[in-house]
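J.: Got chain P; can you put chain E on it based on the hints?
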Amino acid sequence: MLELNRVTKIYRIGAFGGKELRAVNDVSFDVKDGEVMSLIGESGSGKSTIGKMILRLVSINSGRIIFNGVDISTLKGAALKEYYRNVQGVFQDPFSSYNPIFKADRIFRIIKEEFYPQMSNGEWKDRLEGSLKLVGLNPEDVLNKFPHQLSGGQLQRFLIARALLLDTKFLVADEIISMLDASTRIDVLNLLAELKTSGLSILFITHDLSLGYYISERAVILYRGCVAEMGATEKIYASPLHPYTKMLMASVPRLDKKWQKFEGQVEVGAKDGAAIQGCVYYSRCPVAEKICAQKPPALVEVEKDHSVACIHYQARDSD
Amino acid sequence: MSLRVNNLTVYYRTLKGDVRALEDATFSVGDGEIMGLAGESGCGKSTLSNSIVLLKPPMKYIKGSVSLDGEELPIQDMERMNSYRFKKVSVIPQYAMNALNPTRKIGKIIEELLASKQEYFGAIQPELMRRMELVKLSSDVLKMYPIELSGGMKQRVVMVLSTLLDPSLLIADEITSALDVASQKAVAEMLVEFRNQKFVRSIIVITHDLSILAQIADSILIMYAGQVAEKASTPVIIRQPRHPYTHMLISSLPEVGVRYTEKRLKGIPGKPPLLLNPPSGCRFRERCPFAFEKCLEVPPLTEVDHGHYVACWKELAAHA
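If you read the sequences in order, they're chains P and E.
Quick note, the first sequence lines up with residues 1 to 319 if you use this note's numbering.
Quick note, the second sequence lines up with residues 320 to 639 if you use this note's numbering.
Here chain P stands alone, though its shape is the one from the complex (with noise of 0.2 Å):
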């Protein structure tokens, strides 16, 4: 459905943008239909700049998207409008989506008069109504109302429901469930494994690993904008093999077990932006060799539908 070909964005910062952040290097992956895939890294690794750049909110510096056979940069007008109607995104914060001096269900009056304008108002309430009930909402409850009387939960669930109103397709979830409390966080959760099941792609982008396992069969572990390891979710979470991944996994506080003592958890130094050389992992990997520092490692298949980008686990045989 959507895939991602060597995608690369890099930002110019700096007072006069004289230096480069890499924030998405050369990354590739591809999304099928009906399928939860989550992008997981820490902050900075360049996964609300993927989500970003699926829906064109930021430019692409090289490499393609390609969506349904067709790549999303050359898109323009009619065909855009046409794009949005099948991707659609929701964001981390549910307050700041919204412009506070009007009522909340003014996203959903832009949506019509948007996409909708022959619609007629009787059939159009039916499909808010329907669209609100799909996500757990009462419209009698929600509707008419200001963003500040409704909560963060009920917030973020509008989104949701005027992200479905279009015939959408393809939903990037950056981070929709960190703003919730634990008790209504699992409700949204849960919804979207639902519309999962009526054929909907999500890109599920997120830094909690036990909610990507929780929805999403495959996943891409991100690291500084590269991919550290990507493939089926089990496979990675049963047995990670890039040391970021392993080292992740070891962080994840969990109810049951107590964390162990691991290596190469916290940056010590400054974040810089530089380029760098080799592996990107290089300054913190407790296993790095000489090797690492030069040149950057590729991502190979090590099994089916388990990828990852370590010089451990390239064919040195072959060589």
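It is possible that some hints are incorrect.
Stated by the list, open to error - Computed spacing ranges between beta-carbons, pair by pair:
#1 E/Asn-420 / P/Tyr-116: 25 to 33 Å
#2 P/Tyr-116 / E/Ser-552: 24 to 32 Å
#3 E/Pro-598 / P/Lys-112: 33 to 41 Å
To be verified - Beyond 10 Å from chain E on every Cβ pair, some chain P residues (computed):
#4 Ser-59
#5 Asp-167
#6 Ser-183
#7 Asn-190
#8 His-207
#9 Val-252
#10 Lys-258
#11 Ser-283
Unchecked claim - A few chain P positions that, by computed beta-carbon distances, are all more than 12 Å from chain E:
#12 Glu-3
#13 Asp-33
#14 Val-36
#15 Val-58
#16 Gly-77
#17 Tyr-116
#18 Gln-118
#19 Gly-130
#20 Thr-168
#21 Tyr-214
Derived from the structure by calculation, the hints contain no laboratory data.
Virtual Cβ for every residue (Gly too), placed ideally from N, Cα, C.
T.: Just chain E now, kept in the frame of chain P:
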């Protein structure tokens, strides 16, 4: 007994009336104990921590007392509390790491803060360096501006800073929630290390993330709608919770190894009551699957087992 809170009740004064944010909180934190404080947003976690350190309008003190190491804290008196703040009780407020002055270097921030408490930076500097090293920050950090540090590093700076004068009690409000898992773990483990090194005697960790508490806390206090629902040692809260709210909260947590296809987790239906006019009796009543007539009365917090306190009529009936 390090900290002892008795029947602490604090309301917020608003135009529409009093918001009863904290009602009859009674608990104690022992010497060397790390107590976790968990609950949904708006349950009074932060109100509790603020009333111990900085009780200012619109917060209104109603009743109750707080004593630390046998000495009663003058919590209603903003001025007199000044001599306790930072020295005896220290707090890391939520988003503290974003409150570092962006126009000052880290070293300068620390120096100014110490000066405000009549402490001399030079005398404390060797200890500061030692602690910076402990949290794996290089001394260069003192010469940097906050913008040059990552979130995890800023959080570690704030931790060192707020414990510099060896307070008896440290209150850490949501210090791990904005961090990614790796930094979360590092920060949480450093809290434990600070306690072990006796930089602080006891710690209250406020968070909505129970799995973090399962890692580091000795005991957990669960709050619901401004009231204490349950308090017990960590393994008891996680394995054998007695209050229905605690039980539902824990079973709604997704964990690594749980898939929605195999095990569908359930949330807690409904939402917490508004505290402007809270319902009488047990405030969890409307969402509780076990509620019965008795729940129209306020359940008292009762010790049902050694060190295990629950405020629920159902448990009290089973216990009696």
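J.: All hints are to be evaluated individually against the structure, with a verdict given for each.
T.: Evaluated hints:
1. E/Asn-420 / P/Tyr-116: 25 to 33 Å: 50 Å, violated
2. P/Tyr-116 / E/Ser-552: 24 to 32 Å: 57 Å, violated
3. E/Pro-598 / P/Lys-112: 33 to 41 Å: 39 Å, holds
4. Ser-59: 25 Å, holds
5. Asp-167: About 24 Å separates P/Asp-167 from the closest Cβ of chain E, which puts it past 10 Å; holds.
6. Ser-183: Incorrect as stated: the minimum Cβ-Cβ distance to chain E is 4 Å, not above 10 Å.
7. Asn-190: About 7 Å separates P/Asn-190 from the closest Cβ of chain E, which leaves it inside 10 Å; violated.
8. His-207: Check fails; 5 Å does not lie beyond 10 Å.
9. Val-252: 6 Å, violated
10. Lys-258: 6 Å, violated
11. Ser-283: 13 Å, holds
12. Glu-3: Given that every Cβ of chain E is farther than 12 Å from that of P/Glu-3, nearest at about 25 Å, it holds.
13. Asp-33: Its Cβ never comes within 12 Å of chain E, the nearest being 17 Å, so this holds.
14. Val-36: Violated: least Cβ distance 10 Å, not greater than 12 Å.
15. Val-58: 22 Å, holds
16. Gly-77: Non-interface label on P/Gly-77 holds, nearest chain E Cβ at 39 Å vs cutoff 12 Å.
17. Tyr-116: Since the minimum Cβ distance to chain E is about 32 Å, P/Tyr-116 lies beyond 12 Å and the statement holds.
18. Gln-118: Its Cβ never comes within 12 Å of chain E, the nearest being 38 Å, so this holds.
19. Gly-130: 21 Å, holds
20. Thr-168: Given a closest Cβ separation of 20 Å, the condition holds.
21. Tyr-214: 4 Å, violated
Going through the hint list in order, the structure does not satisfy hints 1, 2, 6, 7, 8, 9, 10, 14, 21.
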